[in-house]
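Engineer: Given two chains presented individually in distinct reference frames, assemble the corresponding complex, making use of the accompanying hints.
Each chain, written out:
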Amino acid sequence: YTFEFHTATALPVYMQQTSQPAATVAAVKTTGNTWQTFKKPGTMQGKTQKPKAPPKPQQLHYCDVCKISCAGPQTYREHLEGQKHKKKEAAAKAGPTPSRHGASLRCELCDVTCTGADAYAAHIRGAKHQKVVKLHQKLGKPIPSTDPVVVGGTTKTSTTTAGATVGAKTTTSGAAATTGTLTAADGKKDDLKDDLLDLKEKDVEPVGQEYIEEIKNEEGKVISFNCKLCECRFNDPNAKEMHMKGRRHRLQYKKKVNPELVVEVKPSLRQRKVQEEKLRRQQPGLHQLREEMWRRREEERLLEEEERWYWEERRRYEEECEYLDWCRRYPRGPPGPPPMMPPGMPRPPFMPGMPPMMPMRRPDSSDDRHVLAKHAEIYPKEEELGAIQKIVSNTEKALKMVSDYLAEVDAPKEQQVKPKAKKEKEDDSKGEDDKKDGEKKEDGPPRMLKGVMRVGILAKGLLLRGDTNVQLVVLCGDKPTRTLLDRVADNLPKQLAVVAMEDKYDIQRVVEEAALVVQNIGEQRISVNVTLTSPIMREQLLHDGDSQVIAAKDPPDVLDKQKCLDALAALRHAKWFQARANGLQSCVMVIRILRDLCQRVPTWGPLNSWAMELMCEKVIASAGQHLSPGDALRRVFEALASGLLLPGSPGLLDPCEKDPIDAASPLSAQEREDITASAQHALRLIAFRQIHKVLGMDPIPPPKFQRGGRFTRKRRRDNSTGEGNDSEGGDGKKDKKEDGEDSKMDMDKETK
Amino acid sequence: MVMTRGRGRGMRGGMMRPMGPGPHFGPKMKQFVPRLPFDMVLCESAFPRVKPAPDESAFTQALLKRNADLSPTPAEQAAVLNLVTKIQAVMDNLIVDPGNFDACQIEEVRQVGSYKKGTMMTGHNVADIVVILKTLPTKEAVEALGKKVCDDLRSQEPQEVLVLTMLPNDRGFEISNSEATVRVLVTTIHQNLRKLDPELHLDQKILQSHLAAIRHSRWFEENAHHSTIKVLIRLLRDLRGRFEGFEPLSPWMLDLLAHYAILNNPSRQALPINSAFRRCLQLLAAGLFLPGSADTLSAGISDPCEGGNIRVHTAMTLEQQDLVCLTAQTLLRVLSHGGYKQILGLEGNSSIASEMSVWDGVVVSALEKAYEKPPERPPQDDDTDNMDADDDPMETTDN
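For the record, the sequence lines run as chains A and B.
Add 886 to a position in the first sequence, counting from 1, and you land on the number used in my numbering.
With my numbering, the residue at position 252 of the second sequence is 250, and numbering never jumps.
The shape of chain B in the complex, shown without the other chains (with noise of 0.2 Å):
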C-alpha cells in the first residue's frame, strides 16, 4: 500500500480552491493519510464475537428519549421559523430593489448552522443566516444593514416593534424578538477578502469562517442528511454543553465526527445510534483528534471543505485535544461499566468525567493530563535541527 505521509502540508489553503475542475488534475491537491487510529468497527472481522453482544435496548431507548427532549418543540420550531422568513424576505427585498440603501450591497444571503441542517437545541432558538455582501464589510455598513433591516421588519409589522432588538457585533448582527433569535453573519465575496483593512472591515478569520459555514451547510445537505446522524449530533453537543472537556470540540468538529461514526463503516450502512454513540467516545478515546507519531499527520478527521488535507481537529491546541481524548476515555468506561444515564444526563452530574466513581464494585478513576508544555528552548543554531519533525515541539501548526 502506498503510503502517503507528511506531504501536502505546504499546498495548504484555499489558494488551490478556484483550479480544481476536475480529476485529471490529479490527488495532488487532497491526500489522504491512512493510518487511523484503532477503531473497531473497521475491523470487526478481526474480532469475532466471543459471547453475543449484550442488550442494549434500554441504553437506545435512553438516546432517544435524551433526544426527544433535546430536541426544540414545535412551537420553538414555528418561532424559528417565522423570524428566519421574515428576514430572509427582507433581506431578498434588498437584493432585488436596494431603493435608497447604500450602505452596502448584498450579494446572496444563506441559511446555515444547527437551524439548517435540521440539528437546532430546545432553549436555543437561534437560527443563522449568512449575509454576503458585495461591497467590503465595513463595521458601519453592517450596522446600516442591521439597522435598514430591523427597519424594514418594524414597518412591516408594527406590532412587535416593542419587542424586535438589532445588536450589531464582531461577526454581523442579532435580530431577536420575543421568542427567537436570527444571527446574521456578515461576509463578503471571495475577491473581497484580500482587500480587507483591519481598521474598518470585520475581521478575515470571522468573514472566512462564515464563507466555510455556508460550504459546511452544504456538504451537509448532501453528505449527511440522514436522520441518525442529526439526533447523534444534537446528543454530541448535549455531552459538549455538559462535559466541560469537550468544550473545546467545535459543531462542526462534532459534525464531522458524528457523520464518520454512522457511515465510515464497511458495510456502509448507517449504523444504529447506540453503537454510534458509543464509537464516538471509542474514536475520540483511541485518539482521532490526538497528534499522531512524530512525523506523521495524525489520520484524524480530514476537513471536506477545505483544501489540502486539513485535519478539523488540529484547530484545538494540543492541551485542548488532550482533554477531549481524556474526558472521552473517562467516559468511555463509565459507559460500559453502564453509567450511561449520568453520561446523558438523565442522573447525576457532570462529575464522573472528572471525579472517581463506582460501577457495580468497579472503580472509576478519573485520568490525568498528559499534555506537557514544551521547555521553551533557546532557538538553535542549526536549522536541520529544526526541519526534523522528531524534533519539532508538538505541531499545531495546520490550523
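One chain only, chain A, in its complex shape (with noise of 0.2 Å):
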C-alpha cells in the first residue's frame, strides 16, 4: 500500500495504489498515515493557491486550477467567480481519496488522470488537450512529454516532491477514484473520464455492441456513435471501445439489458469484500448455479401445487353444488301423474303468492328493481282482485247450491229426509261439507254435481290486471251431458238469486265447450266460465281394456270430450302449481311477468300458458339455488336461447299426462324459432342493461342515495304482501277479510 505525495503548482494531487490491500504498512514511510495528513497540506495549499493566481504577469489570463486562458481581467475574475473553477477547486482541497485500482496514466499537462493507454491516446488526441498544449506553448510553459512512464503498482515515478511546477511530466500512477466522482459534473470531460476509471483493461470485456448505435454522414461513412442505453454519444471509435468497458455502461447494461452483469463496486472496504466473496463464489460458478435451479424448481413447485389446489378446490365446488342440486331435486321426485281429484279437494288459495322472502344476501340488482318495478305494474289492483273473487265466490256458493238441489231432486223418495238435514249444515261451513260430503257418499246415490274448483290463471295466482276471464270446473259423479248441463243452466240463476240478490248475473250455455259462463252485469264485465267433467271421462281413457264397454254404456248426449278431458287436465296443472311453483323463490313472480310478455308481444303468443309455466319452473329450480327475480328471468331467457324450445331438444315433458307429451307441442317449428330468436335478443338486452326494453317499461334510473338501502327493501316488502297474503295457512282468514271488503265496496256502489 503505497501512496504518494504529488503537486503540481498549488495543487496536491493524490495518488495511491489499492490493489494490494495488504501493502498498507509499508505506506507509513512516505508520508502520513493518517487521514488528517492528507486533509491538512490539501486545505492549506488551497488557501496559498488563490492569491498566487491572479498577479500572473501575461497579457493571458491563465487559471491553473483549471488550466484555461481568459480573454481579460474581466473575464478572468468571472471565471474565478464561477461555478466551475469553484468546483475544480474544491475537488482539489478536497483532494482525492485512495483509490483501488491498479496502474492508471495521467496526463500532468491536462490534469486528467486516464486509467488505460486506449483511453490516455483518446486524450492526448483529443481537442482539449491540444488547446491546452497550444495554449502552454504561447504562454511558454514547458510541454511535457506525451508519452505517459508507465509505472507498475509499486514503481514510484520521479515526480514525486511537493510544489512541483506547471506540467513536470506526465506521470502513471494509482487512479484517484474520487476524483471522478468529485467532479462529476464537469461535463463531457468527466463522462470520458468516468468510463475510463476503475478499469482493468485486460479483463473486462466490453459489453453492449449492439446498443451502439453509427450514426452515418450521406456518404455512409461513420462520423459518430450513439450509445442508446447511457444517452451519449463519441466521435473516435476508439472513445466507443473505451466506452463500452466503462463502468458508467456497464452500469447501464446491468440496468437496462442484464441485470447479471457484474459491475465492481467501488466503494468501501467491507463492501469490496463482500463483492470479492461473491466472485469467488461465482468462480466455481457450479455452487451458484444449483442454487438458482433449486431456486427456481421451488418457484415452480410453488405454482404448480397451486394450480393443482386450485382445480381440487374448484372440483370439490362443483360436486357440493352438484350434491346440493340432488338434494333439491330428489325428495320431491318427480312430479308423475297426481292422484284422481277427489270431491272434497282443499280449496285452492285464491291468489296464492310467494312465500316470504328469503333474507337476500345482497341489495337488489338493477335487473331485480326492474322486474319488482314490473311485476307491481302488472299486478291487479285491489278492486279488480275483490270484483272478481266475489263473483267467483258466489257463482261457487250457487253451485254448490244447485248440487243440493240436484241431489235433493235426484234422490229415492226414502232418503230425502237425509240430504236436507245435511244441507243446513252445508249452509254453515263449506269446507268442512267437502270433506262430509265424500264421507257420505256411501250413504246414498251419488251425488250428480261433487265439487267445483277453480283452476287457471284463477287457482295459481296469475291473475294480471285487466284480465276478466277466470275457470272453475264442475266435478260430476257421471259423464257430464248435455241434459245436465241444461239442468244446472237452469237451476244456477235462481241460486245466484239467493246467494247474492243485489248483483244481476247473466248466464249462457256454450255446449261445445261443455260450460256454461257466468256474466255480472256492471261496468266491470268478468265471466267466469264453468266447465263440467268428470273424472270417469279420464279413467276410461287409462284403462284401455274396458274402454269398449264404457264407451258403450255413454249417454247419447255426452259432452264434447276433448272439453272435459281439458278441465281434467286444468284441475292437474293447478295442483302440479300449487306443488311446485309457488313454493319456488322468484319463480311465480317470473311466471307473471312472462304471461304479460306473451301477452304484450305477438311473436311469445302462441306460448301456451302450461308449457310456460312448467318451463320456468323447471328452468329456475334447476339453479340450484336462490335466484333472484332478476336472475332468475334472465336465467329462463337463458334457457330458450340456448334452444330449450328448438327441435333436438329433450322437450317440456307434460308431469300432469300419462303418456310422454312435450307440453309446448302446439308450437309450430317456425314459431319455436321466433321465440328462441327473441329470447336471444331479449337476453342480450338484459346482459346490456337494457332489460326495461324487454319488460316494456321505462329504464328505472339507480337509487340515488342508499345502495339497497331502506327504499328497494320496503318496495320489496310491500310485493310480497301484495302477493303473499294467500299463504296456505292463512287461508280462510283472507277470505273472510275479502269478503269484508266486498260488502264495503258494495256499500260504496249502493250509495252511488
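Everything labelled a hint here was simulated from the structure, so no lab data went into it.
Values in this document were obtained by computation on a predicted structure and should not be read as measured data.
Just to be clear, a hint being listed does not mean it is correct.
SDA-like, lysine to any residue: derived pairs with alpha carbons at most 20 Å apart [stated by the list, open to error]:
1) B/LYS371 - A/ASP1584
2) A/LYS1544 - B/ARG47
3) A/LYS1140 - B/LYS137
4) A/LYS1140 - B/LEU194
5) A/LYS1141 - B/LEU194
6) A/LYS1141 - B/LYS137
7) B/LYS49 - A/GLY1534
8) A/LYS1141 - B/LYS193
9) B/LYS367 - B/PHE241
10) A/LYS1579 - B/LYS371
11) A/LYS1140 - B/ASP195
What the simulated footprint calls covered on chain B by chain A, stretch by stretch (three residues with Cβ under 8 Å from a Cβ of chain A suffice, anywhere in the stretch; the number is not a length) [what the hints assert, rightly or not]:
12) 43 to 57
13) 96 to 103
14) 135 to 143
15) 190 to 198
16) 330 to 344
17) 362 to 370
For every residue, glycine included, the Cβ atom is placed at its ideal position computed from N, Cα and C.
Structural biologist: Structural data, given as C-alpha cells:
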C-alpha cells in the first residue's frame, strides 16, 4: 500500500495504489499514514493557491486550476467566481481519496487521469488536450512529453515532491477513484474520465455492442456513435471502445439489459469484501448455478401446487353444487300423474303468492328492481281482485246449492230426509261440507255434482291487471251430458239470486265447450267459465281394456270429450302448480312477467301458458340455488336462448300426463324458432343493461342515496304482502277479510 | 348455499402468486362466482326427454370428417417437428455454452401453443416456442438472438441457407424455411418484469402473455389432453376462422371452452363430440361469455392460470361479447334446423350467421346487436353513485 504525495503547482494530487490492500504498512514511511495528514496539505495549499493566481504577469489570464486562459481580467474574475472553477477548486482542496485501482495514466498537463493506454491516447489526440498544449506553448510553459511513463503498482514516478511546477511530466500512478466522482458534474470530459476509471483493460470484455448506434453521414461514412443505453455520443471509435468497457456503461447495461452482469462496486472495503466473496463464489460457478436452479424449481413447485390446489378446490366446489342440486330435486321427485282429484279437495287459495322472501344477501340489482317494478305494474289492483273474488265465490256458492238441489230432486224418496239435514250443515261451513260430502257418498247414491274447483290463472294466482276471464271446473259423478248442463243452467240463476240478491248475473250455455258462462252485469264485465267434467272420462282412457265397455254405455248427449279432458288436465295443472311453482323463489313472479310478455309481444303469443309455467319452474328449480327475480328471469331467457324449444332439445315433458307429451307441442317449428330468436335478443338486452326494453317499461334510474337501502327493501315488502297474503296457512281468514271488503265496496256502489 | 359474489376483485393479478403454497392459505385467492348460465347438460335430470334423442350419426360423421380435413398432414407435421427440433437444439446449445454470444442469456426454452398442444391446423405450419431470457429483453438482444440462431442453423445445414429466413417482430422473431415457421416468442424471468423500460425492451404485456402461454400449455398438458378436446378445439378454431363474429375469441378462450364443454358435466366422462360441439354453441348462446347481472360478475370461465378469479371472456370488449353471443345464437338455431354442413363449412358460406336463411320451410333470421355504448356522462360529483355497481357503465375492468 504505497501512496505518493504529488503536487502540480499549488494543487496537491494524491494518488494511491489500492490494488494490494495488504501493503498498507509500507506506505507509512513515505508520508503520513492518517487521514489528517492528507487533509492538512490539501487545505493549506488551497488557501495559498488563490492569491497566487491573479498576479500573473502575462497578458493572458491563465487559470492554473482549470488550465484555461481567459480573454481579459473581467472574464478571468468571472471565471474565478464561476461554478466550474469553484468545483475544481473544491475538488483540489478535498484531494483525491484513495482508489483501489491499478495503474493509471495521467496527463499532467491537463490534470486528467486516464485509466488505460487507450484512454490516454484518446485524450492526447483530443481537442481539449491540444488546446491546452497550444496555450502552454503560448505561455511559454514547459510541455511535458506526451509519452506516459508506465508505472506499475509499486513503481514510483520521479516527480514525487510537493510543489512541483506546472506540467512537470506525465506520470503514471495509482488512479484516484474519487476524482471522477467529485468532478462528475464537469461535463463531457468527466464522462470520458468516468468511463475510463476503474478499468482493468485486460479482463473487462466490452458489453452492449448492439446498443451503440452508428451515425453515418450522407456518404455512408460513420461519423459518430450513439450509445442508446447511456444516451451519449462519441466521434471516436476508440472512445466508443472505451465507453463499452466503462463502468458507467456497464452499470447501464446491468440495469437495462442483463441484471446479472457483474459491475465492480467502488466504495468501501466491506462492500468490496462482499463483492469479492461473490466473485469467489461465482468462480466455481457450479455452486451458484445449483442454488439458482434449486430456487427456480422451488418456485415452480409452488406454482404447480397452487394450480393443483385450485383445481381440487374447484372440483370440490362443483361436487358440492351437484350434491345440493341433487338434494333439492330428489326428495320432491318427479311429480308424476297426480292422484285423482277427490271431490273434497282442499280449496286452492285464491291468490297464492310467493313464500315470505328469503333474507337476501345482497341488495337488489338493477335487473331485480326493474322486474319488481314491472311486476308491481302488472299485478292486479285491489278492486279488480275484489270484483273477481266476489263473482267467483258467489258462483261457487250457487253451484253448491245447485248440487244440493239436484241431489235432492234425484234422490229416492226414502233418502230425502238425509240430504236435507246435510244441507243445513253445509250452509254453515263449506270446508267441512266438502269433507263430509266425500264421507257420505257411501250412504246414498252419488251426487250428480260432486264439487267445484278453481283452475287456470285463478287457481295459480297468475291474474294480471285487466284479466276478466276466470275458470271453474265442476266435477260430476258421471259423464256430464247436455241434459245435466241444461239442468244446472236452469237452476243456477235462482241460486245466484239467493246467494247475491243485489247483483245481477247473466248465464249462458256454451254446449260445445261443455261449459256455461256466468257474467256479471255492471261496468266491469267479468266472466266465469264453468266447465263440467268427470274423472270417469279419464279413467276410461287410462284403462284401455275397459274402454269399449264403458264407451258403449255413454249417454247419447254426452258433452265434448276433449273439453272435459282439458278441464281435468287444468285441474292437475293447478295442483302441480301449487305443489311446485308456488314454493319456488321468484318463480311465480317470473311466470307473471312472462304471461305479460306473451300477451304483449305477438311473437310470444303462441307459447301456451302451461308450457310456459312448466318451463319456468324447471329452469328456475334447476339452478340449484335461490335466484333473485332478475336472475330468475334472466335464467329463463338463457334457457330459451340455448335452444330449449328448438328441435332436438329434450322438450318439456308434461308431468301431468301419463304418456310422454311435450307440453309445448302445439308450437310450430317456426313459432319455436321465432320465440328462441326473440329470447336470444332479450338475453343480450338484459346482459347489456336494457332489461326495460324486454319488459316494455321505462328504465329505472339507480337509487340515489343508498345502496340497497330501505327504499328497495320496503318496496320488496309491499310486493310480498301483495302476493304473499294468501299463503296456505292464512287461507280462511283472508277470504273473510276479502268478503268484508266486498261488502264495503257493495255499499259504495249502493250509495252511488 | 354460500354465494360469493362480487368479491375477490381487489386481489386480482399476479401479486398473489408466489405466496400460495397450499390449501392452508384458505380460499381467499380464488373464488368462484357460482351463477352459471343455464346449461342443459348440467341440469339434464330436470328435463327428461319427451322422445328419444334424434339420430346424430350423420352430424358426428361430418364433425369427424371436418376434423380430418383440418388436421395437418404427416408431411406438415414432420416439417414443423423438424424445424422445431433444430431450433430447440440450437437454443439448448446456447444455454449450455453461450460461447462469445453475449447479447442475452437464455434461461429456458419451452414449446407452447397449438404445436405443443396437438391442436395444429393444416395449412398453418407454425409452431410457437417461448424463450425466457435471464437478461432483459431489449429489441437488439432479441434481434441478435434471432441472428445467432439463424446463423447456427445455417452452419449446421448449409443446404438450407437459401430458404431460411429470420424476421424480428414485436414478440420475438420468426424463423421459417420453405415448409414451416417457428415463432420464437421472447420473454424474461419474472424478476425482470419490473425493470422494463418501454423505450428499450419489448412490451411488458407481450412478455407477460408469453409467460402465460407457458402456463397455458402446462395446464393443457395436465388437464386437457383428452383427444375429443383437441378435436373440438380444432373445430372451434376453424369456426372462428370462418365466422367473423367469433373473431374476438382468443385461442385460449377456445381451449377453455372446449375443455369446459367436454369435461364439465355431472358424470365427468367426456361428452361425445357432437354433444360437445352443440354445447359450445349453447353455452355461448346462453351468455356464458356475457356480462352478468348488474352486481354479479358473470360466471364465464375462470382462468385457471391466473390468480384472482379472472374471467377469460373479459378480455373481450362488451361489443365483442355481444357479437360472439349473437353469432353463436344464430348458428345454434341453424344447427338445430339441420344446417350443420353449412356451419362446418362443408357446404355454403358464412352468410348464414348474418343473413336470413330458410331450413325446411322455417325461416331463420339473423340477430341484431344489443349492446349500446353508454351515453357520455359528465363525471358525477358523488362518488357513492359510482361505487354502486348498478350505476357503472358495463364493466370490462376485469381484464
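Engineer: Of the hints given before, which are not true for this structure?
Structural biologist: Nothing - there is no hint that the structure violates, so all of them hold.
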